[in-house]
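*Asks:* Each chain, written out:
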Amino acid sequence: MSRHRAIRNLDYEEVLDEYEVDLQEEEENRLLMEQGVVDVRSALDTEASKVTKEQIEEALWHYYFDVDKSVTYLTNKFINRPAPKAPKPATQKPTGKYLTPATATISCEFEDSSDWAENNRHGLGGRCSSQTGSRQDDVGFWVSGSCPSYPLPQASLPALFHDMPWGNIPKDRESVLIPPVVPRSRCGLLGGTGAAPKMTKLQALAAARKKKAQEKSSEQEVEQTRAQMTGLSVNSSSTEKENMPLSGAFSKRLKTSSSTAQGRVPIIPTEPRSESEQQSANPITKEPEVVEEPAQARPVKKAQPSAFAQTLFSSHTPTITIRQDVVTLGLAPSVLEAFSKPSPDDIVLAAQAKAGKKPPAGQSKKSKSSNTDSLSSSVSELKIDDTPLPKSRNINVLSEFEKSTKKKSASFVVVGHVDAGKSTMMGRLLLDLGVVDQRTVEKLRKEAHTIGKSSFALAWVLDQGSEERTRGVTIDIATNRFETETTAFTILDAPGHRDFIPNMIAGASQADFAVLVIDASTGAFESGLKGQTKEHSLLLRSMGVARIIVAVNKLDMVNWSQERFDEIKNQVSGFLSATGFQKMNIAFVPVSGLHGDNMVKRSENPAVGWYTGPTLIEELERSEPSARATKKPLRVNISEVFRTQQSQATVSGRVDAGSLQMGDAVLVQPATEKAFIKSILVDEAPADWAVAGQSVVLHLSHIDPMHVKSGDIICDPNKPIPKDKTFTLKALAFDFLMPMQVDVHRGRLHSAGKIIAMPALLDKTTGGVKKKNPRLVKPGEVARVRVELDDQVPLEAGQRVVLRSGGETIAAGLLE
Amino acid sequence: MRFASPRQTVASIDETEGVGLIITEPEDLWHANNLIAIGDTVYAPTNRKVATETLTGSTFTQKVRIELAVKVTDTSFDPRASELRVAGTIVNENEIAAVGQYHTITLKHTDRDIKFTIWKEQGWDSVARALLAEAVSETANKDVVFAVVMQEGMANLCLITESRTLVKQRIEHTIPKKRSSRKEAEGGMSDFYGKILSAILSAIDFNERSGIPKQLLLASPGFVAHNFRDYMKEYAEKKANKPLARLATEAAVIHTSTGHVHSLNEVLKSPEAQRTMRDSKFTNETKLMDNFYQKLRQDDGRAWYGVQPVAKAIREGAVGRGGGVLMVNSAFFKSMDVAERQKYVALVDKVREDGGDVRLLSSDHESGQRLDALGGICALLTYPLHDLDEEDEEEDASAAGTTII
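Chains X and V are the protein sequences, given in the same order. The first sequence begins at 1 in the UniProt record's numbering and counts up one residue at a time. The second sequence begins at 1 in the UniProt record's numbering and counts up one residue at a time.
Read the hints as simulated data drawn from the structure, not as lab findings. Every value quoted in this text rests on a predicted model; they were computed, and no experiment measured them. Heads up, some of the hints might be wrong.
Claimed, not checked - In silico EDC-like links for lysine to aspartate or glutamate, alpha-carbon gap of 20 Å or less:
(1) X/Lys778 - V/Asp300
(2) X/Lys772 - V/Asp290
(3) X/Lys407 - X/Asp664
(4) V/Lys269 - X/Glu808
(5) V/Lys168 - X/Asp791
(6) X/Lys754 - V/Asp290
(7) X/Lys778 - V/Asp290
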């Protein structure tokens with residue numbers, strides 16, 4: 001910008017400043033004038049008719065209402081000597097000065113375009129009224145677009161803005177643009193009357209200006225003007241620095257430039273859209289030739305920042321300034337996207353912008369954007385990005401499953417009385433199969449030795465909890481996997497202690513078949529048969545496990561006595577068939593869990609020569625996994641909930657029925673919360689789908705982990721599992737049943753409830769009603785039992801439920 | 001609770017007389033709740049909102065303290081807040097409210113003794129007198145016992161007082177299992193213990209000697225209770241909290257089969273609990289219920305439950321001297337229609353007449369809840385009776401819907 005022009009503007013400002021005083025005094029003067037005229041007339045007495053009113057007034061004005069001096073002057077000038085025509089009357093003098101600042105400025109500078117004058121007239125009108133209307137609240141607006149006729153407030157900007165909530169301006173603080181009631185005449189004194197915001201007019205203005213600019217874009221003059229404008233906008237962006245304590249030396253020059261800007265660029269801070277349009281109309285790329293100072297060259301690239309943006313980003317946040325540039329140049333919408341993606345505010349603002357509203361905090365961002373449309377579109381993209389749903393691949397899971405050449409998979413639960421050696425046996429199995437290496441076992445052995453439990457080393461392969469290790473008992477189900485040539489097995493090592501039977505039930509509910517471990521050593525077998533050997537087999541049967549492999553363990557302790565083995569075999573098989581297992585589904589294997597005889601390899605001990613049957617692993621491989629309800633609606637029984645990096649709500653469990661794939665929407669009952677499957681692990685390997693019978697780990701998304709508990713059921717949202725507080729059960733009683741409090745177990749689910757009624761005693765074989773409303777159901781009888789639970793629980797006909805009371809299993813049955 | 005008049009005794013109550021009672025401790029409200037039946041008249045000081053319209057038509061409401069008598073239509077007892085709300089229609093003439101308007105009197109324990117008067121609709125019958133006698137009796141063993149029944153991931157904080165069991169708080173906490181790292185699982189356990197402990201700390205007022213329970217019972221399957229006691233000791237040592245340390249050291253660890261509230265009966269049966277609460281009402285009741293269940297299992301025809309069989313047995317005089325015990329839920333006498341109530345009162349009177357024992361069990365106690373499961377009434381007979389339920393079936397067929405149990 002040329003210096004002389006600035007000086008010219010400076011002059012104007014001073015001149016205009018004077019006028020303001022006049023304006024304020026005008027009324028006062030007029031009154032004084034009237035009084036003065038009367039006084040002079042009376043003083044002149046008869047000669048009064050010789051002078052006109054205008055002459056009196058001028059005299060009064062000249063002497064500033066000094067009546068005596070005026071009379072003397074008038075007498076000398078007009079009464080004693082006829083005078084020439086009176087000069088401009090005093091009262092008109094202020095009127096004459098009422099040249100509006102805008103017009104004045106424009107007449108000096110905008111000889112090229114009368115449109116500009118017109119535009120500015122509107123613009124300034126808007127400005128003035130907005131100043132008066134919102135002087136207190138919106139000082140910021142008129143810093144940048146300050147009207148020359150009104151001196152800027154002298155307070156520093158930070159002070160002015162100290163209570164401004166940047167980027168989040170409350171609605172009540174937003175400036176309201178008020179159209180000038182009388183466009184020109186009383187520029188300074190117009191009050192901020194409550195007229196409607198002049199949005200449409202401003203937009204029209206912007207549009208008109210854009211059009212104009214396009215028409216004249218070929219003319220060099222206009223080019224220059226534009227260049228100036230861009231320059232001005234730069235300066236006006238730095239205008240606020242003038243009021244900053246640091247600005248010091250620059251303030252003078254900047255001030256002058258700001259006054260220039262005022263004349264030319266009507267900055268409408270609260271209407272970012274029009275501003276951005278206006279900006280897009282300006283050929284931004286042209287500026288380098290115009291701008292002289294390299295320091296200013298870069299900011300010129302920016303879009304015209306709003307008043308807010310100017311104050312916001314002036315010097316405090318250089319990073320954002322850079323961002324402005326990037327966005328303005330339209331180089332990377334992705335940058336903008338990446339920047340604003342996590343902000344929920346932006347999304348809200350975008351929604352507002354789309355709805356055609358004024359986003360209060362979006363000003364800075366929007367005014368920087370060169371294209372409103374692209375912004376809103378990019379914002380709508382953001383909205384989608386914010387809720388990315390896992391993509392379903394729409395696999396036909398069932399056909400995939402049929403096609404898959406995977407090994408058959410089977411899971412088995414290892415049960416038995418406490419200290420029968422279940423965990424040790426499984427540790428040995430894993431060691432012999434090479435799933436666990438010798439080094440790990442040696443390490444465990446060393447650790448076990450230090451606490452004097454060296455014989456537990458193998459069990460520690462599965463018992464990993466410190467509690468389990470120090471106490472030497474399994475507390476919870478331990479899952480482990482191994483593969484043979486034909487089958488992938490999942491081991492569920494159940495606790496034997498009676499306190500942890502709920503955990504054992506959880507394990508049994510996931511198993512296809514079972515391995516019952518029996519301690520063959522003297523006395524242990526007998527106590528086991530009375531204890532958990534019995535209870536576990538009852539539970540297995542009532543959980544629907546049909547096949548059972550009896551591992552007669554610790555036979556090495558009795559010198560591999562065949563008699564002992566046969567004795568146990570007889571007793572157990574008799575007991576098991578009484579429980580309901582078919583003979584063909586029961587197998588016996590003599591093993592030593594600690595040493596591994598007849599486990600993976602046939603025993604080399606000659607004392608076991610009498611046994612020629614299959615080893616344990618061979619027996620396991622013989623097992624056919626039970627049929628799978630792959631076509632039924634999805635049901636996943638959650639056995640564990642934990643946190644992983646993939647998901648806060650990661651669940652493990654078994655798919656009881658149906659199939660699922662990545663991206664599926666599922667429902668978690670009883671919370672009735674929807675979730676999406678982010679990813680699936682089948683046998684600890686990532687998979688795209690899973691079917692009934694598989695043990696899976698599901699990473700859920702879009703659900704609060706508090707809604708997912710172990711024992712819950714994940715189901716198909718279209719065919720959800722019903723939840724209820726009461727249910728009817730066809731139960732086989734293991735103990736006396738009467739209306740009483742019971743614990744209800746279904747897989748992992750463990751809920752308190754009570755038997756509220758026993759509607760019928762049923763015939764064991766025919767299922768017909770033997771007796772209505774029995775007072776008591778004796779052990780071994782089958783009855784229809786109605787149970788009420790404390791909480792709502794997902795339940796479905798056909799589910800297997802176990803009732804316990806006082807630490808004893810009292811009944812088990814099927815839901816009706 | 002005591003009588004308002006010092007000369008009043010339970011024996012000297014006139015059938016139709018109103019009895020003035022004074023609330024002296026929070027527990028009294030529970031008794032009052034048992035005592036006040038629907039249809040009774042209760043006279044007590046209360047607050048009533050009175051709306052006044054000024055001459056200009058504006059209204060303002062004002063709370064007025066006034067003594068009102070209401071004919072009870074409903075009562076609700078908030079055990080946690082120890083507040084009894086008695087709702088009914090106003091029956092006495094007064095300055096601010098018309099007779100027949102509804103009003104709810106809130107009775108609660110305050111620093112000042114609050115006097116209220118009850119008129120029984122059907123007079124003071126034997127059951128009402130028994131309840132009243134219980135309410136005004138100076139129980140020797142007023143100490144409270146704190147029991148925490150827990151299992152991995154769940155804990156119930158129970159406050160056991162002479163007359164009831166209150167589940168103060170139920171804590172549920174998901175504990176990451178084996179699959180996640182061991183460290184996390186242990187962290188989960190100690191988080192869980194921390195939750196229980198802070199619940200205990202907020203439930204017990206350690207500043208007041210009387211606020212500290214006589215004993216803390218920690219019950220769980222497995223090792224949870226044991227580990228929790230260790231956690232508590234460690235915490236008390238770290239914080240140098242002497243009363244807590246003492247409580248933790250003296251805490252009894254009891255084995256139960258689950259962490260659900262109904263495992264409380266296993267707690268009350270345990271020798272540890274018996275030692276502390278010997279001869280208290282509820283341990284006796286627990287024993288009685290256990291006894292009943294045992295007899296029922298024996299199936300020798302001496303234990304019966306349900307209204308019809310029990311009523312029949314009583315009519316036959318089988319519940320009498322020498323071991324006959326009738327157990328009835330006290331709620332039976334509270335909100336039942338007149339005929340029903342009279343029927344039960346007659347049963348009670350008959351048993352007393354025959355020399356049998358009558359126990360009114362509250363469903364606020366663990367034993368009462370077990371009784372509830374049995375239909376609220378059961379009896380131990382002096383001699384075996386069989387086929388008491390045979391007729392029931394016929395009755396049932398005719399009047400379907402009447403529940404025996």
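*Asks:* Give a verdict on every hint.
*Replies:* Structure-based check of all given hints:
1. For a cut-off of 20 Å, the pair hint linking lysine 778 of chain X to aspartate 300 of chain V stands: about 13 Å separates their Cα positions.
2. Between lysine 772 of chain X and aspartate 290 of chain V, the direct Cα distance comes to roughly 26 Å. Violation of the 20 Å bound is thereby established for this hinted pair.
3. Taken as a hint, the lysine 407 of chain X and aspartate 664 of chain X pair is broken in the structure, with Cα atoms around 25 Å apart against an allowance of 20 Å.
4. Distance hint between lysine 269 of chain V and glutamate 808 of chain X is fulfilled; the C-alpha atoms sit about 16 Å from each other, no more than 20 Å.
5. Restraint check for lysine 168 of chain V and aspartate 791 of chain X: satisfied, since their Cα atoms lie roughly 18 Å apart, inside the 20 Å limit.
6. With a CA separation close to 16 Å, the supplied pair lysine 754 of chain X and aspartate 290 of chain V stays within the 20 Å bound.
7. For the suggested pair lysine 778 of chain X and aspartate 290 of chain V, the alpha carbons sit about 18 Å apart, so the restraint of at most 20 Å is met.
Figure legend: structure checked against the earlier numbered hints; hints not met, in rising order: 2, 3.
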